[in-house]
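Counting from 1, position 211 in the sequence shown corresponds to residue 211 in UniProt numbering; the numbering is continuous, with no gaps.
Heads up, a few of these hints could be off.
As the list claims (entries may be wrong) - Below 30 Å or equal to it, Euclidean Cα-Cα: the simulated DSSO-like pairs (lysine-lysine) are:
#	residue 1	residue 2
1	K38	K126
2	K48	K81
3	K76	K38
4	K76	K126
5	K2	K34
6	K195	K76
7	K57	K118
8	K57	K34
9	K57	K126
10	K57	K38
11	K48	K126
12	K118	K216
13	K48	K76
14	K118	K34
Unchecked claim - Okay, the calculated beta carbon distance ranges per label pair:
#	residue 1	residue 2	range
15	H181	Y54	41 to 49 Å
16	I191	K126	41 to 49 Å
17	V140	P91	47 to 55 Å
18	Y54	Y217	22 to 30 Å
19	V102	H219	47 to 55 Å
20	I50	G172	26 to 34 Å
21	A142	L218	29 to 37 Å
Hint data in this document are derived by calculation from the structure and do not stem from the laboratory.
C-beta: ideal position from N, C-alpha, C; glycine also.
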Amino acid sequence: MKGLYYRLAASQEEETFVFQESEPVSSPSDYHVKLQVKACALTPINTKLISALYPSKEHVPVGRDVAGVVLEVGPKVSFFKPDDEVVGILPLDCEESGLCDVIWVHEHHLARVIDVSKGNVNLTEKGIEETGGLGFDIIVDAGVILYNTEDSVTKPTLLPHKHEIISLLSVGGRWVTREQHLQLDPPDSNILFLKGASLSYLNEETWNLSSSQQGKYLHILLLPHPDEDSSETSVISDRRHRGRGSET
């Protein structure tokens with residue numbers, strides 16, 4: 001299959017990225033899965049690391065994060081079957097580009113997509129089953145349901161409940177949430193404590209800023225409202241500016 005490759009030792013006159021046919025160096029093993037790629041992310045290429053690990057390599061496949069549908073499985077594959085929707089990360093020594101239409105991937109590099117859109121799948125049971133009862137080391141959500149079904153819920157029903165996410169965390173796991181109004185009940189907090197897990201917040205606006213601009217963003221957020229008494233806040237702001245001036 002034809003895929004996109006990065007040329008490591010390309011001169012200024014040569015193209016850095018090239019399309020060429022990809023052929024597996026070795027035949028797929030009994031544990032490989034034939035995957036029809038539906039989506040692929042253009043992840044950054046660490047040329048220094050690849051040159052150090054594989055000095056004889058001339059071309060590096062582009063695209064390692066893939067998602068698709070299983071077409072065929074090896075005789076010893078136990079985790080997947082044809083027509084399963086999966087996502088995965090191709091290893092550094094993979095010779096096939098993730099932008100190919102069809103690739104062979106070892107089953108250990110893939111994970112099954114849990115479809116909760118029909119409402120007949122228990123997210124907690126499925127997640128524990130996929131991880132062999134260990135749970136996930138890190139979970140990044142796109143929002144959570146904050147209230148019970150008896151209350152008025154404005155969030156989409158496809159979002160998981162906060163208790164489900166906490167139940168899916170492994171020992172020492174980490175939950176990264178984008179929900180700014182998240183509140184944990186004492187039982188949920190107790191589960192986090194028993195697992196030694198942690199909770200972090202992801203603010204998209206701060207995340208997209210460089211480290212030199214994050215302080216300015218926080219300073220804008222801390223500015224008082226025009227209708228409020230700003231005397232105390234202005235004193236704190238002046239002290240911060242004086243401290244920064246003395247440091248410089």
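Exercise. Does the structure keep K76 and K38 at a Cα separation of 30 Å or less?
Worked result: Since the Cα atoms of K76 and K38 sit roughly 25 Å apart, the hinted pair holds (cutoff 30 Å).
Exercise. Within a Cα-Cα threshold of 30 Å, do K118 and K216 meet the stated pairing?
Worked result: violated, 44 Å
Exercise. Do I191 and K126 keep their Cβ atoms within the hinted range of 41 to 49 Å?
Worked result: violated, 19 Å
For this session: Measure nothing beyond the straight line between the CA atoms of K2 and K34; if it is 30 Å or shorter, mark the hint as holding.
Result: holds, 16 Å
Exercise. Is the straight-line distance between the alpha-carbon of K57 and that of K38 30 Å or less?
Worked result: Holds. K57 to K38 sits at ~27 Å (cutoff 30 Å).
Problem set entry | Range hint 29 to 37 Å (beta carbons of A142 and L218) holds or violated | At 24 Å between Cβs, range violated.
For this session: For the pair supplied as a hint, K48 and K76, confirm whether the alpha-carbon distance does not exceed 30 Å.
Result: Not OK: K48 and K76 at ~36 Å, beyond 30 Å, violated.
Exercise. Is 47 to 55 Å a correct range for the gap between the Cβ atoms of V140 and P91?
Worked result: violated, 22 Å
Exercise. Measuring from beta carbon to beta carbon, are V102 and H219 in 47 to 55 Å?
Worked result: With a Cβ separation near 52 Å, V102 and H219 satisfy 47 to 55 Å, so the hint holds.
Exercise. For the pair supplied as a hint, K48 and K126, is the alpha-carbon distance within the 30 Å limit?
Worked result: violated, 39 Å
For this session: Assess, step by step, whether the Cα of K57 is no farther than 30 Å from the Cα of K126, and give holds or violated.
Result: Violated. K57 to K126 sits at ~40 Å, over the 30 Å cutoff.
Problem set entry | Pair hint outcome, K118 versus K34 [Cα-Cα no greater than 30 Å] | holds, 27 Å
Consistency with the previously given hints fails for numbers 2, 6, 7, 9, 11, 12, 13, 16, 17, 18, 21, ordered from lowest to highest.
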